[in-house]
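Enquirer: This is what each chain is made of:
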Amino acid sequence: MTAINPIAFYLFAGVALAFSVMTVLRKNPVSSAFSLVMVFFSFAGIYAILGAHLIATLQVLVYAGAIMVLFVFVVMLLNSDSPSFDFRRTPALFRVAAGLVCAALFVLFVRVFKNSPPVLTPGAFTAEAVDAAGGNTRVISELMFSEYVLPFELTSVLLLAAIVGAVALAKRHSVAKPVSKKGVAHVAATR
Amino acid sequence: MSLPPVEPWVVLAFSAAIFFVGLFGLLVRRNLLIILMSIELMLNAVNLTYVTFSHQLSSMAGQMSVFFIITVAAAESAVGLGLVIALYRTLKTVDTDEITLLKD
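Residue numbers (my numbering), protein chains in the order written: chain G, 1 to 191; chain P, 1 to 104.
Extracted from the complex, chain G is given alone in its bound form (with noise of 0.2 Å):
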């Protein structure tokens, strides 16, 4: 395990904390959008302090390239004008409980991380090993291709349904013309 360096990893935290309050509590959804980006390039800032290089590019790819012009996309897409998009318009006293909720939660959470003694053992992937073995990625990639070869095929088919549930979902459905009352019946069976 090396160290983290203090002065990158506080920048980048404290970008991603900023901007993911303000993801939650704008009212314009595009400007939530592009908070939501700012969280996700710190992330990638903070893989790459930890050592994940290969994690780093595909959050960079995925998260802040595919993923991000999805949203933006349904964004504009749809009426951004709605009142639905003001947090304010959740009852006070709901937004205070679950404010609490989670507040409490989190101190619960930082007591576990803090006080817990480490139970695992580490493993032979420490820095030095992965440099010696080529690097992040090239491990990363022999243990996919050797270990993990099982899951990343099943990944492959799970695309493929998203692909074809997205599609399905998305499609505009025909209005059925009743052109008799055959069809008609017809439609209304099959829908």
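Simulated from the structure, these hints should not be mistaken for laboratory data.
Among the hints, a few may not be true.
Restricting the straight-line Cα-Cα distance to at most 27 Å, the calculated cross-link-like pairs of lysine-lysine (BS3-like) are [unchecked claim]:
no.: 1; chain 1: P; residue 1: K103; chain 2: G; residue 2: K171
no.: 2; chain 1: P; residue 1: K103; chain 2: P; residue 2: K92
no.: 3; chain 1: P; residue 1: K103; chain 2: G; residue 2: K114
no.: 4; chain 1: P; residue 1: K92; chain 2: G; residue 2: K171
Predicted model only: the values in this text are computed from it and were never measured.
Fit chain P to the given chain G structure using the hints.
Expert: Same frame as chain G, but now just chain P:
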């Protein structure tokens, strides 16, 4: 000025903070899009927990899990946004208070 190196529990506490900011958004917001964004925040926080443990324990299993979680998150957001589009087309709203198809 030189700060001491960051302990792993500080990173874990930070990811817990992001997770609960996301949970707060999930509970408080009434718009499906923002709720999906909050879920993405929570998924990211969990990914950071995995990577921190992977760093702390010198193991690659955490980073492999994050790889698969990123894939699942991409699939989840594609299907979720497809659902949002379908819902908006049917009801002309993405407000969770107005989606009461099964109540009446």
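Enquirer: The structure should be examined with respect to each hint, and the outcome stated for every one.
Expert: Hint by hint, here is what the structure shows:
Between K103 (chain P) and K171 (chain G) the CA atoms are separated by roughly 26 Å; this keeps the pair inside 27 Å, and the hint holds. A threshold of 27 Å between alpha carbons decides the hint, and for K103 (chain P) with K92 (chain P) the separation of about 18 Å falls inside it, so the pair holds. The hinted pair formed by K103 (chain P) and K114 (chain G) fails the criterion: a straight-line CA distance of about 45 Å is larger than 27 Å. Simply put, K92 (chain P) and K171 (chain G) have alpha-carbon atoms about 16 Å apart, close enough for the 27 Å limit, and the pair holds.
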